[in-house]
Amino acid sequence: MLTREVNDLLTQTGADRPMGQMFRRYWQPALLASELPDDDCPPVRVKLLGERLIAFRDSKGRYGLMDEFCAHRGVSLWFGRNEQDGLRCPYHGWKYDYTGQCIEVPSEPAESGFCDKIKLKGYPLVKVGDVLWTYMGDKEHRPPLPAWEFCNVPAEQTFTSKRWQESNWLQAMEGGIDSSHVSFLHSGSLQTDPLFRGAAGNKYNQADRKPVFEVVDAPGGLFIGARRNAEDGQYYWRITPWVMPSFTMVPPRGDHPVHGHFWVPIDDENCWAWSFDYHPTRALSDHERQSMIDGYGVHNQYVPGTFRPRQNKDNDYLMDRDAQRRGETYSGVWGIALQDASLQESMGPIVDRTKENLVSTDNGIIMARHRLKKAVQAMMKTGATPPGIVPEHQQVRSVAAVLPADKPFAEACRDDLRVRPGVKQTSV
Amino acid sequence: MHDDDLEPHPEPQPTFARPTLLNSCARAATASEARFRVPYANSLPRVSSIIALDAASAAMMAAISEDPWKGARFLTLAQQPDISPNEVLLTGPDGAGLRLTDELATTDLVVMIATESRAEKQAETIGRLARGAAVMTAGIVVAGVDVEAVVQALRPNAAVLVIASDADYLPAMLTAMRA
Chain A
1 MLTREVNDLL
11 TQTGADRPMG
21 QMFRRYWQPA
31 LLASELPDDD
41 CPPVRVKLLG
51 ERLIAFRDSK
61 GRYGLMDEFC
71 AHRGVSLWFG
81 RNEQDGLRCP
91 YHGWKYDYTG
101 QCIEVPSEPA
111 ESGFCDKIKL
121 KGYPLVKVGD
131 VLWTYMGDKE
141 HRPPLPAWEF
151 CNVPAEQTFT
161 SKRWQESNWL
171 QAMEGGIDSS
181 HVSFLHSGSL
191 QTDPLFRGAA
201 GNKYNQADRK
211 PVFEVVDAPG
221 GLFIGARRNA
231 EDGQYYWRIT
241 PWVMPSFTMV
251 PPRGDHPVHG
261 HFWVPIDDEN
271 CWAWSFDYHP
281 TRALSDHERQ
291 SMIDGYGVHN
301 QYVPGTFRPR
311 QNKDNDYLMD
321 RDAQRRGETY
331 SGVWGIALQD
341 ASLQESMGPI
351 VDRTKENLVS
361 TDNGIIMARH
371 RLKKAVQAMM
381 KTGATPPGIV
391 PEHQQVRSVA
401 AVLPADKPFA
411 EACRDDLRVR
421 PGVKQTSV
Chain B
1001 MHDDDLEPHP
1011 EPQPTFARPT
1021 LLNSCARAAT
1031 ASEARFRVPY
1041 ANSLPRVSSI
1051 IALDAASAAM
1061 MAAISEDPWK
1071 GARFLTLAQQ
1081 PDISPNEVLL
1091 TGPDGAGLRL
1101 TDELATTDLV
1111 VMIATESRAE
1121 KQAETIGRLA
1131 RGAAVMTAGI
1141 VVAGVDVEAV
1151 VQALRPNAAV
1161 LVIASDADYL
1171 PAMLTAMRA
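Taken in order, these protein sequences are the chains called A and B.
Reading the first sequence from the start, the letters are residues 1 to 428 in our numbering.
Reading the second sequence from the start, the letters are residues 1001 to 1179 in our numbering.
Keep in mind the hints are simulated off the structure, nothing from the lab.
Watch out, some of these pointers could steer you wrong.
Claimed, not checked - Calculated cross-link-like contacts (lysine to any residue; reagent style SDA-like; alpha-carbon spacing at most 20 Å):
| # | chain 1 | residue 1 | chain 2 | residue 2 |
| --- | --- | --- | --- | --- |
| 1 | B | K1070 | A | A405 |
| 2 | B | K1121 | B | D1094 |
| 3 | B | K1070 | A | K119 |
| 4 | A | K355 | B | V1047 |
| 5 | A | K373 | A | K119 |
| 6 | A | K407 | B | A1143 |
| 7 | A | K47 | A | Q12 |
| 8 | A | K355 | B | A1134 |
| 9 | A | K355 | B | E1148 |
| 10 | B | K1121 | A | A405 |
| 11 | A | K355 | B | Y1040 |
| 12 | A | K313 | B | E1033 |
| 13 | A | K313 | B | Y1040 |
| 14 | A | K119 | A | A71 |
Unchecked claim - Restraint-style ranges between C-beta atoms, simulated for each label pair:
| # | chain 1 | residue 1 | chain 2 | residue 2 | range |
| --- | --- | --- | --- | --- | --- |
| 15 | A | T354 | B | A1055 | 29 to 37 Å |
| 16 | A | G233 | B | I1083 | 30 to 38 Å |
| 17 | A | V128 | B | A1133 | 50 to 58 Å |
Cβ atoms here follow ideal geometry from the backbone N, Cα and C, with glycine treated the same way.
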């Protein structure tokens, strides 16, 4: 359980809240690059960390992310005309460049310099991989660009999707490090999902449904190991990295692409669940990419034209009790992503953690909350840089490995848990 | 594998009649609906026994033992902890002697804390007897000089192991688990 005060501390991410200030110290995934595909394409509304923003790509291919509303009369610039190096409000023609600087106020003489005094709040928007990243903090603390492996491998080796989740970011992220739910909620998917099935390691999951967990502090966050019995007294380990504040990876299966997530607050009651798949050393096959587009693995299907999942709270996630009875799904909800989201959304927009009853297998979650709390308090008190910001902390991989029974997994897999360009993921 | 190997998505259809009240569908997951969650307690108080396996762990434990815990009992190994392979002698905060088997009869969770591997034998006995008594176990290793040896000592004897970089984690974990 958490006290109400700590629950508020960790779940409130507005600009005036401590956790909001901490989130603003990191580069955040803001849009898929495909949402702004061309110069002068239509602008896109973005809400991040409780701020309503507008994203656009100008005539020179520069990306802008700024206050959604015109400084003149408050019109949404989603109605704006994206033309000739700027976004023009259609109401009275005020025009802004990609930094948010007003560059034209047609009603005033150009030589008056009036428009120089008008500037919308703007944030950098940078393409790394197939994602547009933004940094919403102050210039003084702006970190190096994201160094995550999934967005720095060649384009043919990676695929990213995002979906709207109707819950606070923390309960979504906690699902990403809660390895003990996999044996139940997702138990149907190992056999059938094209992005999981066929891996040699799957047999250990099926033979030993009571994994034992070990949680290890790491400089950027945690490593959470789940071990199951393997041959000759050895253990099959599945190791999940969590990097602060909201990056998680799923341990790999065979030579399937490796996947993971970011959980990014839209506001305190909604978040973006970003899901990526990549292979460190080879291109994704057409079949793999198509499976991801079709919503298999950690991805999902959509209400057409939106990032809202096709299965959502308005249709009870297309609950199928017959499929559940037939043993095809454990919860009756199809697909790993929505199996998680349906339950996390059912907790309410911000789960009341004063009522929960955690057990020892929840230590990954307990430790993650502890690290977040410590980091945010240290940042507020002493200005300490939170973990996960420096590129070195981002150079992590998940691992699946069979190890001798007496080895600490973090020691035995020290190299495997680091990004090694040109070297395949460690997987069984 | 070819594209035509892909299994078609199932097309599940909702099997319920359309809900007539908000709280009869998943849309009830709103902040305003949360007002109607029942206010009654959902658990009974639990007892946690925290056992320090070495002097450094005992010092960490002593630093928090006066905090207002709900049902935590803080224990150390007695000077001569072994009287048989099926018993460990413990010492309570007031210096009184206790038997592990008596402690296990009234506790719900045993947390072992270690910074070194000296008490491997006692950890084995505690883990084995706790399992036999169906008591949950957890181990906290506060990273020190020889993590590998401490992990070896605790891993077989705790259902969950946490390797923490500092002592702060102990009170955080106990609070989270309502100790």
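Checklist entry - Broken hints, numbered, in rising order? => result 1, 2, 3, 5, 8, 9 and 13
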